[in-house]
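Enquirer: Kindly produce the complete structure, drawing on both the sequences and the hints.
Single-letter residue listing:
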Amino acid sequence: MALEDICNFKDKPTHKTFPFYASEDTSVSVFTESFNFKWRGEMTSKKASDVPLEFHVPSLFKRPSSRASHSVSVRRPFPLSHGTTTLGFIFQGGVIAAADTRASAGGLVACPAVHKITPIHSHLVVTSSGSGADCMLWERILTREIRLYQLRHKRRLSIRGTAKLLSLMLHPFKGTDVCVALTLCGWDKLIYVCSDGARLQGDIFSVGSGSPYAYGVLDRSLSWSLHKEEAILLAREAVFRATHRDAYSGNNVDLFHVTAEGWRQRQREDLKEEYYRDMEKRGKKMDLKTKKAAKITQ
Amino acid sequence: MEYLIGIQGPDFVLVAADNVAASSIIQMKHDYDKMFKLSEKILLLCVGEAGDTVQFAEYIQKNVQLYKMRNGYELSPSAAANFTRKNLADYLRSRTPYHVNLLLAGYDDADGPGLFYMDYLSSLAKAPFAAHGYGAFLTLSILDRDYKPDLTREEAMNILRKCVEELNKRFILNLHSFNVRLIDKDGIHDMEKLTVGAK
Chain V
16 MALEDICNFK DKPTHKTFPF YASEDTSVSV FTESFNFKWR GEMTSKKASD
66 VPLEFHVPSL FKRPSSRASH SVSVRRPFPL SHGTTTLGFI FQGGVIAAAD
116 TRASAGGLVA CPAVHKITPI HSHLVVTSSG SGADCMLWER ILTREIRLYQ
166 LRHKRRLSIR GTAKLLSLML HPFKGTDVCV ALTLCGWDKL IYVCSDGARL
216 QGDIFSVGSG SPYAYGVLDR SLSWSLHKEE AILLAREAVF RATHRDAYSG
266 NNVDLFHVTA EGWRQRQRED LKEEYYRDME KRGKKMDLKT KKAAKITQ
Chain Z
-3 MEYLIGIQGP DFVLVAADNV AASSIIQMKH DYDKMFKLSE KILLLCVGEA
47 GDTVQFAEYI QKNVQLYKMR NGYELSPSAA ANFTRKNLAD YLRSRTPYHV
97 NLLLAGYDDA DGPGLFYMDY LSSLAKAPFA AHGYGAFLTL SILDRDYKPD
147 LTREEAMNIL RKCVEELNKR FILNLHSFNV RLIDKDGIHD MEKLTVGAK
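Respectively, the protein sequence lines represent chains V and Z.
My numbering numbers the first residue of the first sequence as 16 and each following residue consecutively.
My numbering numbers the first residue of the second sequence as -3 and each following residue consecutively.
Simulated from the structure, these hints should not be mistaken for lab results.
Any given hint could turn out to be false.
Listed below are the simulated EDC-like cross-link pairs for lysine to aspartate or glutamate, each with C-alpha atoms no more than 16 Å apart in a straight line [unchecked claim]: (1) K179(V) - E154(V); (2) K25(Z) - D218(V); (3) K64(Z) - E36(Z); (4) K179(V) - E54(Z); (5) K181(Z) - D105(Z); (6) K25(Z) - D234(V); (7) K58(Z) - E70(Z).
Some, not all, of what chain V presents toward chain Z, calculated at C-beta under 8 Å [as the list claims (entries may be wrong)]: (8) H186; (9) K204; (10) Y207; (11) D211; (12) G212; (13) A213; (14) R214; (15) L215; (16) G217; (17) F220; (18) S226; (19) P227; (20) Y230.
Note that beta-carbon positions come from the ideal geometry of N, C-alpha and C, so glycine has one too.
Expert: Set out below in structure tokens:
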């Protein structure tokens, strides 16, 4: 995608399918501003020699017509669903990002081995929840824009800048069915961006249908001074508990650890193993209890 | 769900906002700041729909700053309030209205302190005290009863504490901390956060 832009390759049909702008706003004296970083003035895509993201978004504060009152032009063959558990938190050793790997479509497990955590660049990882297709697309778009920024300005865009860029790119689609809730995990910051327009920076975020369960585990045991191994164990247990209770999360858990040196991915682990380990631990406790009871009765 | 309150005194305005950023039933942040600094002596408190609040408030904020850059002097609170209201009104009948409730508090060197109440339907009223949110139903009567036009800063803080206590007692949601700021001729002052224990 970035190569496409650098080579000035205009893939017209793709861009024309975005139904959300152009004709309606031309009557107003509002210029269609192409989405690039130089939003200082009246820039159109023809003017810019470096081809920006060809969204032809009309002036930033006029959103397209498709709010809830208008009917969707394409009928959905099935209901979109948003089952997932993703979480991220900061501790002394950096940032942990964890997610399950189940993609559900209604009651069907569409895919048991999906990647919900995607690296954007060496020091930024994004966890996604919401509609799978939308997330995949917006991650790619974000990756492209970040890479283009890096090529143009010879430095990386900060994570807060990335979050703001993403939020502004999603803004024209507010009120439509685009459902994207991404958590950008840098090495010292966590920012949650959602297609409703929310953009929050914080120390701990969990998103998705399994998030309340994950919060329950994380809020109890999370502290700044955790060791790396403890933090990973905590993240894994939080995802495990969420997948145990939430029908729409499950299968495996992906864990990323982001530090100042970059992100490192742990091997994907099957949560079945976690379940058996948990059962064993409880089994041991039960054994102790029965032993104690036996001693007393003797 | 969210709560804003403002109390105007003879030479100051006291404002407070809760600190919760929620997403359906989950509190995503406990220390979220809902106040936007428009200029040295004007604060905009903004609650409402998720993305609309930040977008609209930042838009107003940047425009007020731009006015200062272009003309060399700042917009007065009254002018800023009317500008905000005009923008809200313009978008109201468009296809993409902003669903935000606002309180604008400021100190004008000429006219003194001012508190402006604005609604998502772009109504504007200059008021001695005002509140937004479900919490307003519980606290406006306290303000009606105890407010007097010549109150001191201490008295204003006391009324604020009473309101927060009432919320803690009767409001179904747990709003456990509030940002408090005071605007007077010397600018915007951060006051101590008001926190209450869980019910």
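Enquirer: Now tell me if each hint is right for this structure.
Expert: Here is how each hint holds up against the structure:
Distance check on the hinted pair: K179(V) and E154(V) sit about 14 Å apart at the alpha-carbon level, within 16 Å; holds. Restraint check for K25(Z) and D218(V): the C-alpha separation of about 9 Å stays at or below 16 Å, so the hint holds. For a cut-off of 16 Å, the pair hint linking K64(Z) to E36(Z) stands: about 11 Å separates their Cα positions. A C-alpha spacing of about 12 Å is found between K179(V) and E54(Z), which places the hinted pair at or below 16 Å, so the restraint holds.
Proposed proximity of K181(Z) and D105(Z) is supported: the alpha carbons are some 7 Å apart, at most 16 Å. Restraint check: the Cα-Cα separation between K25(Z) and D234(V) comes to about 12 Å, which is no more than 16 Å; the hinted pair holds. Distance restraint check for K58(Z) and E70(Z): the Cα-Cα separation of roughly 12 Å lies within the 16 Å cut-off, and the hinted pair is therefore satisfied. Because the closest C-beta pair between H186(V) and chain Z is about 7 Å apart, less than 8 Å, the hint holds.
Interface restraint check for K204(V): the shortest CB-CB distance to chain Z comes to about 13 Å, outside 8 Å, so the restraint is violated. Here the hint on Y207(V) is kept, as its CB sits about 7 Å from the closest CB of chain Z, short of 8 Å. The criterion of a C-beta within 8 Å of any C-beta in chain Z is met by D211(V), whose closest approach is roughly 4 Å, and the hint holds. Contact between G212(V) and chain Z, as hinted, is supported at the beta carbon level, the nearest pair being about 1 Å apart and thus within 8 Å.
Interface hint status for A213(V): upheld, as the beta-carbon distance to the closest one in chain Z is roughly 4 Å, under 8 Å. With a least beta-carbon distance of about 7 Å to chain Z, the hint placing R214(V) at the interface is held under the 8 Å criterion. Evaluation of the L215(V) hint against chain Z yields a held restraint, the C-beta minimum of about 5 Å falling below 8 Å. With a cut of 8 Å, the hint placing G217(V) at the interface with chain Z holds, because the nearest CB-to-CB distance is about 5 Å.
The beta carbon of F220(V) comes within 7 Å of a beta carbon in chain Z, closer than 8 Å, and the hint placing it at the interface holds. Nearest Cβ of chain Z to the Cβ of S226(V): about 6 Å, under the 8 Å cut. The hint holds. Here the hint on P227(V) is kept, as its CB sits about 6 Å from the closest CB of chain Z, short of 8 Å. Satisfaction of the interface hint for Y230(V) is found here, the shortest Cβ-Cβ separation to chain Z being roughly 7 Å, below the 8 Å cut-off.
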